[in-house]
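Chain by chain, the residues:
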Amino acid sequence: METLKKEIQEKKYLPSIKIKGAEAVIKCLLEEGVNLAYGYPGGAIMPVYDELYKYKDELHHVLTRHEQGAIHAAQGFARVTGKPGIVFATSGPGATNLVTGIADAQIDSTPLVCITGQVASHLLGSDAFQETDIIGISTPVTKWNYQITKASEIPEIIAKAFYIAKSGRPGPVLIDITKDAQFGELDFLYEKCTKVRSYKAIPKFDINKIKEASEIINNAKKPFIVWGQGVIIGKAEQEFKNFIEKTGIPSASTALGLSALESKHPLNVGMVGMHGNYAPNVLTNECDVLIAIGMRFDDRVTGNLDTYAKQAKVIHFDIDPSEIDKNVKTDVAVLGDVKDTLFEIVPLVKKNNHKEWLNEFHKLYEVELEKVINDQLSPTKEGLTMGEVLAAINRETKGDAVIVSDVGQHQMFACRYADFIRTRSNVTSGGLGTMGFALPAAIGAKMGVPEREVIAIVGDGGFQMTIQELGTILQTKAAVKIVVLNNEFLGMVRQWQELFFDRRYASTIMTNPDFVKIAEGYDIKANKVSKRENLGNAIKEMIASKESYFLEVMIEKEDNVFPMVPTGASVSDIRLS
Amino acid sequence: MEENQKFTVSVYTENNIGILNRLSAIFLKRHINIESMTVSKTEIEHVHRFTFVVIVTETQIRKVVGQLEKQIEVIGAFYHKEDEVIYQEAAMFKLSTDHLYDEKIQSKLKLRRAHIVTITDTFFVIEATGLKEDIDRLYEKLKPYGLLQFVRSGRIAITRTKMGISEVLQEFN
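Sequence order for the protein chains is A and B.
The working numbering numbers the first residue of the first sequence as 149 and each following residue consecutively.
The working numbering numbers the first residue of the second sequence as 261 and each following residue consecutively.
Calculated from the structure, these hints are not laboratory results.
Where is the CB? At the ideal position from N, CA and C, for every residue including glycine.
A few of these clues could be false.
[Claimed, not checked] Only some residues are given here: those of chain B computed to face chain A with a beta carbon under 10 Å:
hint, residue
1, 272
2, 273
3, 274
4, 278
5, 281
6, 307
7, 323
8, 327
9, 331
10, 334
11, 335
12, 336
13, 350
14, 352
[As the list claims (entries may be wrong)] Only pairs whose alpha carbons sit at most 27 Å apart, straight line, appear in this in silico BS3-like list of lysine-lysine:
hint, chain 1, residue 1, chain 2, residue 2
15, B, 323, A, 348
16, B, 301, B, 368
17, B, 392, A, 352
18, B, 341, A, 474
19, B, 323, A, 343
20, B, 289, A, 314
21, A, 231, B, 330
22, B, 330, A, 477
23, B, 289, A, 474
24, B, 422, A, 348
25, B, 301, A, 343
26, B, 289, A, 348
27, B, 330, A, 357
28, A, 477, B, 289
29, B, 301, B, 364
30, A, 352, B, 330
31, B, 330, A, 314
I would like the entire structure built from these sequences, with the hints used as guidance.
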């Protein structure tokens, strides 16, 4: 007894208080520094919502119009802030409506903590109203998931959820809480999780591998860097810049790596991949050393693997050991957090400038400029191009905006032509390619960085997949700018039909509503542009607006995204037309 | 083309609900059939071991093991070729008591290191342990007598060399 008293005095045991499970959920989130969550209420999560009502001054809940909207908003928030996005949904359909967003977050390594309600534990397996096995359903697309059936489990499990979602290669975590666990009482005591014994968040780097890599880099004649989102997730932008500036190596980004390095940096040679730039794609197959940093050799990046960079020695920096040799055989694997490994390698590499080699990129850029880019940015044909809309946005924002794109042609145009001067400025659904992502993700992004300009670039197809989230803008007054690039087609599918299916436009022609009226119906200022002479002013007015703004731009109907690496082709066989 | 071969995959995990689902989903995602599977506790308390047998290429199994290893509650995952493990399966055969005193059956049992574990008025049960092929052979021999029931376990295996997991597990103890 005496020792216990002493230990309490020495605060070895923190004092605990008895509260309900639902309240414990909110208190855990507050302990983790959460003050914003997205979601949609329903029967099985009502006890938690009741607590959200009580804690509304400390934890702001955004009611979206669909659970998919909630999770994409949380993803947008997470991508611009680096903090986990928080989502609440009820059991059954509430939970299943999250699945697309969870899968999207898993493949794009976005930290999320999703909390779903579940039927009471005694009803599990009885096909109760709104019962679904969300643990089973979400298992293949979550980094971790867990079903809580006792209130007492809540603090430990939620602490673990945050640790797992944020650490190492981030990802989505789903915690399913039965209704009786939400009502049940527990002694609340919160301790942040810093370790899970079976999980190694960050592999310890091996200095010998870094030395080996630096030797190869120092002897390279034509080294080439492809960086990915790992640089952004690892907050390693400065280390990355130090590394490339010292070595003078031409560097290209994956779609998700964009904005980690400013677009106009002299060593930034553009984007790789299916609709990436000409030079980095072609020269992938001419470099002598390929240095991959925080990227995973997605098939949209590599094209045909049998002919991908076969001539080059490959050095792969990554935090995830399972990515090594998954798609491309690596000569030297540098495991670890890129913030650490890039920091370590800088003193070991020689100062260099690969002037002639860089010049090869410039020469090929000229080819792309003449054959593709000029037609997009300064078109002579009557119809508006998506490229010129992006150029007009660049002029107004000076590259300092968060560009949130959906999926399709406009996404590729946004990735190709948007200028970035700051990191975490390109938010797009890369791996999963989820249409409907942009509008809710932009809402979440705006709430994450309210001081920044956030522009959703959406196609007429994707916009209608989550158009109901205009209601979230109406209710929250999130000052998101929305640009719908309307070509009255599901443009990317149409492009493939044109190129590979003899122009059989099966189900790609869209009969669209009056988008301006719809936006106005949600009390959002709206405008529509069909002529080039009006574009500049319309964008100017949109950017100047302090409130949300909707702009529809009518685009040339059958325009294509080029360059293009057709499926199964080699990256160096990239087509310019 | 790299050839398919039989691999024994050992996965050490925490003993939590749902892990089987998580592990089997990794095989499912890659369209790999699981030939056999056994779950048991290990020499370390609260640590469970899954033993899968699959027929794939070595490149495939290396990637699968990487994905298995990546799961939060997986402590370690390994793959072994056939010559790297000592393995056994168990089987039970239920036959009618009419055949109990059949000398041919008796001699077959001796040959296969099988033995009778239960005898009742109507049936008796033979238990056998061995390689999959041994069990297959015994199955073929006993089939003509009319098997009332036949059941076999998945593979259990022990490695010839020390497992890399040993040190990790020691830390848990």
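Checklist entry - Which of the numbered hints above does this structure break? => result 13, 14, 16, 17 and 29
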